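No gaps in the numbering here: position 216 of the sequence shown is 359 in the numbering used here, and each next residue is one more.
FYI, nobody ran anything at the bench for these hints, they're computed from the structure. Predicted, not measured: the structure shown is a model, and the values here were computed from it. Be careful, since some hints might not be right.
Restricting the straight-line Cα-Cα distance to at most 25 Å, the calculated cross-link-like pairs of lysine-lysine (DSS-like) are [what the hints assert, rightly or not]:
#1 Lys357 <-> Lys291
#2 Lys258 <-> Lys352
#3 Lys230 <-> Lys357
#4 Lys233 <-> Lys357
#5 Lys258 <-> Lys233
#6 Lys357 <-> Lys399
Pair by pair, the computed Cβ-Cβ distance ranges are [as the list claims (entries may be wrong)]:
#7 Ala318 <-> Gly380: 45 to 53 Å
#8 Ile397 <-> Pro225: 38 to 46 Å
#9 Asp390 <-> Leu244: 28 to 36 Å
#10 Ile402 <-> Ala338: 57 to 65 Å
#11 Gly396 <-> Gln349: 53 to 61 Å
We put the CB at the ideal spot given by N, CA and C, even for glycine.
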Amino acid sequence: MTCGGAFTKGGLAAFGPDRMKVHTTAHVVIAGAGIVGVSSAIWLQRAGHEVTLVDRMDGALRTSYGNSDVLAAGAILPVPVPGLARKLPKMLLSRNEPLFLQWRYLPRLLPFLLKYLSFARADHVVHSARALSYLLSDSHAQHQSLAKATGAERFISDEDFCFGYATEASYLADAPGRTLRRAHGYEIEALDGVAYAARDPLYSTQFTKVVCYKNSGRISDPGAYLATLLAHFQAEGGRVLAAQIDDIEVQDGIYKTLITDQGPVAGDHIVWPWGLGRARWQKSLGSSAWLWRASVAITLSCTIPAPCPKRP
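With the hints as extra help, turn the sequences into a complete structure.
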């Protein structure tokens with residue numbers, strides 16, 4: 144890979160546990176025990192810090208339970224790309240397109256939408272791909288490093304990440320994306336539909352072309368993977384506090400204390416992996432980001448699934 148530097152050689156674990164140890168330990172409080180919170184907790188713990196995870200712990204392992212299981216290293220192209228504005232009318236009016244809008248929110252959404260579409264430019268696509276490649280190019284290796292010696296290794300497998308094209312025209316239309324990925328060092332294998340059907344009969348007639356991105360990965364059970372990592376964190380001395388976070392206290396411009404229904408939880412540092420998905424955090428975190436009502440994602444789990452593809 145051209146991006147990611149030393150991280151392509153095995154994530155943070157490539158530096159070795161001795162080099163990760165710090166001379167001055169700190170008490171780090173992490174808000175949320177999803178995959179980002181737990182991953183942060185394990186690496187901080189390995190570096191020698193005292194870590195406390197704060198989460199309600201009342202769901203099926205938080206939203207990470209419903210995450211997709213694909214480690215899509217090649218997913219470096221942003222959604223706003225040249226030509227997106229021309230496609231919006233069809234996407235909004237067709238029931239078969241992946242876009243839904245509650246029309247009464249359009250007046251409030253319009254300022255954001257115009258700003259969003261302004262990024263549908265070739266130069267922004269190149270910029271985003273460069274940044275995302277640095278973050279994602281070694282995602283498989285990073286998860287292997289995270290899961291090492293935790294018992295969660297068994298959930299990670301080496302898989303191709305495949306895109307199927309129903310027509311030759313759709314395959315050719317996506318050529319700029321493949322060119323950009325190759326420029327960032329991604330290994331790509333292009334197959335015709337017949338050749339791919341020999342690998343996976345489930346798609347014997349659906350695709351004219353299939354493009355496979357190498358060095359990707361898959362997590363067979365995201366919920367069990369997260370649960371195993373969390374159990375390892377606790378077994379190594381990490382603390383998990385089941386509490387509702389109500390606010391965050393700022394001291395001299397530094398986030399120091401989480402205000403919870405179990406009382407205040409203070410630390411030398413606060414890690415906040417939630418983003419700004421809730422309007423009530425904006426004032427405390429000093430953000431002026433404009434939020435609007437969003438749809439709720441729904442995860443469906445099939446206990447007796449139909450035939451499944453061999454690769455994601």
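Here is what the structure says about each hint:
no., hint, in the structure
1, Lys357 <-> Lys291, "22 Å, holds"
2, Lys258 <-> Lys352, "35 Å, violated"
3, Lys230 <-> Lys357, "30 Å, violated"
4, Lys233 <-> Lys357, "33 Å, violated"
5, Lys258 <-> Lys233, "20 Å, holds"
6, Lys357 <-> Lys399, "43 Å, violated"
7, Ala318 <-> Gly380: 45 to 53 Å, "52 Å, holds"
8, Ile397 <-> Pro225: 38 to 46 Å, "42 Å, holds"
9, Asp390 <-> Leu244: 28 to 36 Å, "33 Å, holds"
10, Ile402 <-> Ala338: 57 to 65 Å, "58 Å, holds"
11, Gly396 <-> Gln349: 53 to 61 Å, "55 Å, holds"
Hint check: violations occur at hints 2, 3, 4, 6; the rest are consistent with the structure.
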